[in-house]
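J.: So the chains spell out like this:
Number of protein chains: 2
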Amino acid sequence: MKVHIVTIGDELLIGQIVNTNVAWMGEYVTLHGGEVVGASTVGDTKDGIARYVQTGMEEADVVLLSGGLGPTKDDITKNVLAKYFDSEMAFHEDTYERLCKMFERFGRAPLPSHKEQCYMPTAAKILTNKRGTAPGMWFEKEGKVVVSMPGVPYEMKYLMEHEVMPALIKQFTMQPSVYKTIQTAGTGESVIADRISSVTDALPDNFKVAFLPNLGKVRVRLGAYGDDVEVLKKEVEARVADVVAQIPELVFGYDADSLEGVLGDVLKSKGLKLATAESCTGGYLGHRITGVSGSSAYYLGGVIAYANAVKVDKLGVPETTIEKHGAVSEEVVVEMAKGAISRYKSDIGIGISGIAGPTGGTEEKPVGTIWLAIGNNKNTITYKLQLGKDRLKNIEYIGNFALNKLRVFVLDNY
Amino acid sequence: MKVHIVTIGDELLIGQIVNTNVAWMGEYVTLHGGEVVGASTVGDTKDGIARYVQTGMEEADVVLLSGGLGPTKDDITKNVLAKYFDSEMAFHEDTYERLCKMFERFGRAPLPSHKEQCYMPTAAKILTNKRGTAPGMWFEKEGKVVVSMPGVPYEMKYLMEHEVMPALIKQFTMQPSVYKTIQTAGTGESVIADRISSVTDALPDNFKVAFLPNLGKVRVRLGAYGDDVEVLKKEVEARVADVVAQIPELVFGYDADSLEGVLGDVLKSKGLKLATAESCTGGYLGHRITGVSGSSAYYLGGVIAYANAVKVDKLGVPETTIEKHGAVSEEVVVEMAKGAISRYKSDIGIGISGIAGPTGGTEEKPVGTIWLAIGNNKNTITYKLQLGKDRLKNIEYIGNFALNKLRVFVLDNY
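The listed protein sequences correspond, in order, to chains S and Y.
Just so you know, we're using our numbering here: the first sequence kicks off at 5 and counts up by one.
Just so you know, we're using our numbering here: the second sequence kicks off at 5 and counts up by one.
Among the hints, a few may not be true.
Said to hold, decoys possible - As a list, the in silico BS3-like pairs of lysine-lysine whose alpha-carbon atoms are at most 27 Å apart:
1) Lys174/S to Lys237/S
2) Lys369/S to Lys134/Y
3) Lys119/Y to Lys397/S
4) Lys388/S to Lys328/S
5) Lys6/S to Lys397/Y
6) Lys388/Y to Lys328/Y
7) Lys397/S to Lys87/Y
8) Lys393/S to Lys119/Y
9) Lys393/S to Lys272/Y
10) Lys129/S to Lys87/S
11) Lys161/S to Lys184/S
12) Lys397/S to Lys134/Y
13) Lys184/Y to Lys238/Y
14) Lys272/Y to Lys349/S
15) Lys161/S to Lys393/Y
16) Lys342/Y to Lys349/S
17) Lys272/S to Lys393/Y
18) Lys50/Y to Lys184/S
19) Lys87/Y to Lys212/S
20) Lys397/S to Lys397/Y
21) Lys349/S to Lys328/Y
22) Lys50/Y to Lys6/S
Stated by the list, open to error - Listed next, the stretches of chain S that the computed footprint assigns to chain Y, with coverage defined by at least 3 CB atoms under 8 Å from CB atoms of chain Y:
23) 20-31
24) 43-53
25) 56-68
26) 193-199
27) 270-276
28) 305-317
29) 396-402
Claimed, not checked - One-sided and incomplete, this derived list gives chain S residues near chain Y with beta-carbon spacing under 7 Å:
30) Leu17
31) Gly286
32) Ser297
33) Gln390
34) Leu415
What the hints contain is simulated information worked out from the structure, not anything from laboratory work.
Cβ coordinates follow ideal geometry from the N, Cα and C atoms, glycine included.
Construct the complete structure from the given sequences, taking the supplied hints into account.
T.: Below, the structure written as structure tokens:
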């Protein structure tokens, strides 16, 4: 079953809201064995909607529309579809009854604009929308299906789950497919592609691989289609294992795993406590760590040591070390990490200092120079990063880098 | 100038990531006087990309593509476009030089896959991408323009801002339009809509108003189109002043102003120093404050007091106060703010403690109960928030709330 998704609404094209319906519908169709071959977004214009429905019909078996069914006058999808399918309009009693009952519950009567909503194309099978006023519509033409749903996400989801997908499954043969994502951190897309090429070059034709890089993290997604989901799952698992065997030290998790979640798990499982000492990241690392519910089990807190005086007073970094080596130096981050451990009574500490940018660099230490130290009472390991000039991207990159190296430190030392 | 946007990538169609590029590009084009007539999303397939470029060319003057330009083999946009424009490929020395320099800074050499990235269609004008490896490409055919950009949002944005839009403005006639955004914080969309309705109800037909709410902030955007930009600017300014007159205490800035930037400006102008004491926000407030370049002029740093022991040891919150009132209480945040001031030698301090969720609430203090205290050596003011159960949304909301109330505190007390 090939699917094309059409989302309708001016607000999607002028950037007033981010279109989340396509991602939800795409995942839902894919998981049920359909293939989304394309998606399009069009404003509230008659010509546009008709043209995009036509495009969808040409490349797919099923066109799923969301949007343009509300009671306001910019919502014109219904009339466009009636015309497209050469259909009359007729008052749909069942829908009107449902609306009257719905409004009764709120102690109100339907407005004239709601009555207008009950005129439906006679060519359509009406899909009951228990989450809102506008019903869905199911059209068929030459073996192809066009379904129109409201744009409000929870109304669309209700119809997809309760009306549309059950009917599609009856009518079409689905191509089972299975996806698995390998979560990596520590190097770039190209290095990974290079290192796993012996596996990816030998993938059968029914496999797809995708690399999704994001500031120090790269997701590697393997997908396969075939006839039997159980067989596919095993095949994908086997190839995933082959990929992981090439880059074992880079893999921190799978699918929806996050760096901060995985770090939390390893800290918790070893019964370790962590404290942070951040300069240039200004609290971002703490924010990431505490984004995980239950992080108080392993995170004590820490110092945002933005001013040098705070590094000295609150972490015990010797003033002479700052004078001699500068605040952005290996020596200073080592002292910061030590101060986090001793002053916060933690097992593990991290110190971060750098020039986040976009200004503030020197010839010796250009913008983007970052030092990190991670240690416990026995060992300390340091890292130097040379990043770009975008302040917020640098901070996010350092956050990912630090979370990953903290994870690696725990695994190496405990 | 009519624009069609094509976003490329399997990950967009199977729902692995939400497509945010369309919204950003749509807003950016609209603000510059272009009209986005449609958008489409296609997977990493040659036929699909070519077909959607064709569809875009049919309905628009300009087709903007993002995605499918990385060095890995799932990225095929470049070859599809070369074929579409009957173009040879040739090694692009400038791009290779740029890559070599970029990698030199990281102490690495380009990989073979990067060298591959430097083969470019000779029919394209190459657009330098200072944020990543893959350059943009500008094609022309029969007066129409096709631009290809990377899918990584900040690389795409860089190219749109520095290369693409400046060139489009030279080549196409835009419908003159002027927009101005009023930045507010402190109340919700409906309250604002109500309070400014006397102004918005009387807007001429060539005006548009939009409300863009986001976690404690609401942007009110006024826009107008017409023939003369200078006249429009004056008209919009006058209406903006009318709106602001209705809600003066809610307005913190205009257009690209941020709460953290405006707070920084008022602190700097008064020569004041700030320190933070965060529990449930875990460093997020510090992160927001230090997201501003130059924040070291007024931000000293602070404590992430996640564990209660840290609140006691590092901020001097009496243990008895925590025992008696609980860590999430007015009494504790007042002591945290005082501790931030006295121990960090700052003029102003803030203490935050709450139950960020999704679990951890009690009957008396349900999830989403948050206390804040803002003070100096003379006055302390406290706030209680009752938010929802979404941890990350709560944290972001508190961040916005705290930044705004810090701004108000400075204006009221200095």
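J.: All the hints need checking, so say for each whether the structure fits it.
T.: Tested hints:
no., hint, result
1, Lys174/S to Lys237/S, "holds (23 Å)"
2, Lys369/S to Lys134/Y, "holds (21 Å)"
3, Lys119/Y to Lys397/S, "holds (25 Å)"
4, Lys388/S to Lys328/S, "holds (18 Å)"
5, Lys6/S to Lys397/Y, "violated (36 Å)"
6, Lys388/Y to Lys328/Y, "holds (18 Å)"
7, Lys397/S to Lys87/Y, "violated (35 Å)"
8, Lys393/S to Lys119/Y, "holds (24 Å)"
9, Lys393/S to Lys272/Y, "holds (24 Å)"
10, Lys129/S to Lys87/S, "holds (15 Å)"
11, Lys161/S to Lys184/S, "holds (24 Å)"
12, Lys397/S to Lys134/Y, "holds (14 Å)"
13, Lys184/Y to Lys238/Y, "holds (11 Å)"
14, Lys272/Y to Lys349/S, "violated (35 Å)"
15, Lys161/S to Lys393/Y, "holds (22 Å)"
16, Lys342/Y to Lys349/S, "holds (23 Å)"
17, Lys272/S to Lys393/Y, "holds (24 Å)"
18, Lys50/Y to Lys184/S, "holds (24 Å)"
19, Lys87/Y to Lys212/S, "holds (23 Å)"
20, Lys397/S to Lys397/Y, "holds (21 Å)"
21, Lys349/S to Lys328/Y, "holds (25 Å)"
22, Lys50/Y to Lys6/S, "holds (17 Å)"
23, 20-31, "holds (count 11)"
24, 43-53, "holds (count 6)"
25, 56-68, "holds (count 3)"
26, 193-199, "holds (count 5)"
27, 270-276, "violated (count 0)"
28, 305-317, "holds (count 9)"
29, 396-402, "holds (count 3)"
30, Leu17, "holds (4 Å)"
31, Gly286, "holds (3 Å)"
32, Ser297, "holds (6 Å)"
33, Gln390, "holds (6 Å)"
34, Leu415, "violated (23 Å)"
In this structure, the earlier hints numbered 5, 7, 14, 27 and 34 are contradicted, and the remaining ones agree with it.
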